[in-house]
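Trainee: Hey, can you work out the whole structure from these sequences and the hints?
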Amino acid sequence: MANERMLMKGNEALAEAAVRAGCKCYFGYPITPQTEIAAYMSKRMPKCGGVFLQAESEIAAINMVYGAAATGVRAMTSSSSPGVSLKSEGISYAAGCDLPCVIVNVQRAGPGLGGIQPAQNDYYLATRAAGHGDFFLIVYAPSSVQEMADYVVKAFDMADKYRMPAMILTDGVLGQMMEPVVFSDPSDSTVNKDWAATGHKNERKHNIINSLYLQPEELEKSNIARYKKYDIVKAELPEAESYLTEDADIIVTGYGASARIVRSAVNAARAEGIKAGMIRPITLWPFPAEAYAKTVDTCKAYLCVELSMGQMIDDVKLATSCRRPVRFFGRTGGVIHTPAEILEQIRTIAKEELK
Amino acid sequence: MKKITVVTGHYGSGKSTFAANYAVRCSQQGERVTVADMDTVNPYYRTADLKALFDENGVELIAPRYAGSNLDMPIIDYDIPGLYETGRNIIIDMGGDDAGAYPLGKFAAFLREHKDETEVLYVVNFCRCLTYDTDGAQEILKEIENACGLKATAVVNNSNLGFETDESIINEGLKKAEKLSAETGIPIFCSTVPVLEKCKDIKGELFPVNIYIRNVWN
Numbered sequence: 001m002a003n004e005r006m007l008m009k010g011n012e013a014l015a016e017a018a019v020r021a022g023c024k025c026y027f028g029y030p031i032t033p034q035t036e037i038a039a040y041m042s043k044r045m046p047k048c049g050g051v052f053l054q055a056e057s058e059i060a061a062i063n064m065v066y067g068a069a070a071t072g073v074r075a076m077t078s079s080s081s082p083g084v085s086l087k088s089e090g091i092s093y094a095a096g097c098d099l100p101c102v103i104v105n106v107q108r109a110g111p112g113l114g115g116i117q118p119a120q121n122d123y124y125l126a127t128r129a130a131g132h133g134d135f136f137l138i139v140y141a142p143s144s145v146q147e148m149a150d151y152v153v154k155a156f157d158m159a160d161k162y163r164m165p166a167m168i169l170t171d172g173v174l175g176q177m178m179e180p181v182v183f184s185d186p187s188d189s190t191v192n193k194d195w196a197a198t199g200h201k202n203e204r205k206h207n208i209i210n211s212l213y214l215q216p217e218e219l220e221k222s223n224i225a226r227y228k229k230y231d232i233v234k235a236e237l238p239e240a241e242s243y244l245t246e247d248a249d250i251i252v253t254g255y256g257a258s259a260r261i262v263r264s265a266v267n268a269a270r271a272e273g274i275k276a277g278m279i280r281p282i283t284l285w286p287f288p289a290e291a292y293a294k295t296v297d298t299c300k301a302y303l304c305v306e307l308s309m310g311q312m313i314d315d316v317k318l319a320t321s322c323r324r325p326v327r328f329f330g331r332t333g334g335v336i337h338t339p340a341e342i343l344e345q346i347r348t349i350a351k352e353e354l355k
Numbered sequence: 356m357k358k359i360t361v362v363t364g365h366y367g368s369g370k371s372t373f374a375a376n377y378a379v380r381c382s383q384q385g386e387r388v389t390v391a392d393m394d395t396v397n398p399y400y401r402t403a404d405l406k407a408l409f410d411e412n413g414v415e416l417i418a419p420r421y422a423g424s425n426l427d428m429p430i431i432d433y434d435i436p437g438l439y440e441t442g443r444n445i446i447i448d449m450g451g452d453d454a455g456a457y458p459l460g461k462f463a464a465f466l467r468e469h470k471d472e473t474e475v476l477y478v479v480n481f482c483r484c485l486t487y488d489t490d491g492a493q494e495i496l497k498e499i500e501n502a503c504g505l506k507a508t509a510v511v512n513n514s515n516l517g518f519e520t521d522e523s524i525i526n527e528g529l530k531k532a533e534k535l536s537a538e539t540g541i542p543i544f545c546s547t548v549p550v551l552e553k554c555k556d557i558k559g560e561l562f563p564v565n566i567y568i569r570n571v572w573n
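Those protein sequence lines, which keep their order, are chains G and C. In terms of our numbering, the first sequence has 72 at position 72, counting the first letter as 1, and numbering is strictly consecutive. In terms of our numbering, the second sequence has 496 at position 141, counting the first letter as 1, and numbering is strictly consecutive.
Derived by calculation from the structure, the hints in this document are not laboratory data. There may be inaccurate statements among the hints.
[Stated by the list, open to error] In silico DSSO-like pairs for lysine-lysine, Cα to Cα no more than 27 Å straight-line: (1) C:K530 <-> G:K43; (2) G:K43 <-> C:K506; (3) C:K534 <-> C:K555; (4) C:K531 <-> C:K558.
[What the hints assert, rightly or not] Each pair of labels, with its calculated beta carbon distance range: (5) C:L426 <-> G:R163: 38 to 46 Å; (6) G:A197 <-> C:K461: 45 to 53 Å; (7) G:S42 <-> C:E522: 32 to 40 Å; (8) G:S57 <-> C:G423: 26 to 34 Å; (9) C:H469 <-> G:R347: 57 to 65 Å; (10) C:R467 <-> G:A129: 33 to 41 Å.
If you're wondering where the values come from, they're calculated on a predicted model, not measured in any experiment. For every residue, glycine included, the Cβ atom is placed at its ideal position computed from N, Cα and C.
Mentor: Have a look at this one:
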């Protein structure tokens, strides 16, 4: 069943693709709406020589990922918003040790315990403050069940390539919805990890995985070196989809589930003669600023649509250098916007900004 | 229809969609039907979400009181003997997999006592990753039967690729369903076909299924 199309939930497709990408260790803890990832892994991992372990907490799970990744194995954990908050200390440690691993956040509504319905309120958490200290994660935002599968593979590959943790930032809509998916051939997971703690067997010096520096100058040196790496990632990795942007007067932008709804609204606006387009960031860090920058001369106004009170909008303003108005429309608390609501926003902008 | 129909199956196999379609169909044929949402596993995409459809079609809906709210509580605040006493035909929509079938165990003795009036359906979609072949379908079936202490009495073949379902998908599913039936000795209750423009000319005795559960952009 290598290249057959199958009907899968986003969570399952992500889990299956991770297994096919060579993920050998999955550590998790149940929380709606990502529990299917753990449930799927518990059935699948024993059949492919992998490890599934339900940890005693989210904190334990991320530290198990830290340990597994330190030995060079492809390791993953997943959770939903409150659970990812708990993981933040471990994520920072993994980043501080340059450990490649994958963390999945199937977002739900917050803050606090919030609710179990879908949200996109962890953009800041993923791109700005996934933990303490100076560091970033690679952040992918899939927008279909197919992309849930494709980008978890890419997340593993890029995490290995750049030696840093990667996050899949998705939401309850994409995790739970079902669509046909086809799995591509597994990626080459045999990256040479000569830094890994695999036992020196008296044949090489110790590989030490550690984020503690006894001298401030050494820590500073390490941080500066890591940021030089980030510059390379920023140059090489940004990814976005531009849809009908070339002649667009109004560009609507959103990621993940929001982008699905935005696309419907943009099509409806075009049918009314409004020149609308869409930019959908696929990498949230590094943010695909270039995709926006090249539209600034022709586009008259932007509309940022999120299932939040407005977080990604900051990056949109930076990417457009605030040269055009950037408006915001969002629903929160687990409420999902409709194409009609977004279309209404586009009409209003057309009336007020396109004179 | 039997007095009690229990709908079990793998996660995402189409249990709720089938249960809703079957309920509406039976109600339209004059049966007095109650749908009981017994999904204690997944708070998303459940029969309780289809209240408007059931109201429109004279189907009674029984759901745990926190269904559709933010309280993710695996509770069932009704019982099957009580529903049976109402004299209505009951369709019970279980949660997915063995995890979702466990609550049925509490009523297994009652259902065994009313064996002749009870149908235990196993819904299978052969386009799903873990039930892609009959081995996978049998494995999940066994897990469900062990969890609830009841044997499936019939198979609902619900093989589909969502909006991409076509004739070849339906035919492939029919073949696998017949194989599963031959291997297990469990008869086929029905095979479904989604109500889609491109599926309307598919021949055979198929149970048409409306896709009631949709995303906002569809």
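Trainee: Hint by hint, note whether the structure agrees.
Mentor: Hints, verified against the model:
Restraint check: the Cα-Cα separation between C:K530 and G:K43 comes to about 26 Å, which is no more than 27 Å; the hinted pair holds. Restraint check for G:K43 and C:K506: the C-alpha separation of about 22 Å stays at or below 27 Å, so the hint holds. The suggested pairing of C:K534 with C:K555 holds, with an alpha-carbon distance near 25 Å, which does not exceed 27 Å. Under the criterion of a C-alpha separation no larger than 27 Å, the hint pairing C:K531 with C:K558 is consistent with the structure, at around 17 Å.
For C:L426 paired with G:R163, a C-beta distance near 42 Å keeps the hint of 38 to 46 Å intact. Look at G:A197 against C:K461: about 49 Å separates their beta carbons, and that is inside 45 to 53 Å. Between G:S42 and C:E522 the C-beta distance comes to about 36 Å, which sits within the given range of 32 to 40 Å. Distance hint for G:S57 and C:G423: a CB-CB separation of about 29 Å, consistent with the stated range 26 to 34 Å.
Taking the beta carbon of each, C:H469 and G:R347 are about 59 Å apart, inside 57 to 65 Å as hinted. Between C:R467 and G:A129 the Cβ separation comes to about 56 Å, which falls outside the hinted range of 33 to 41 Å.
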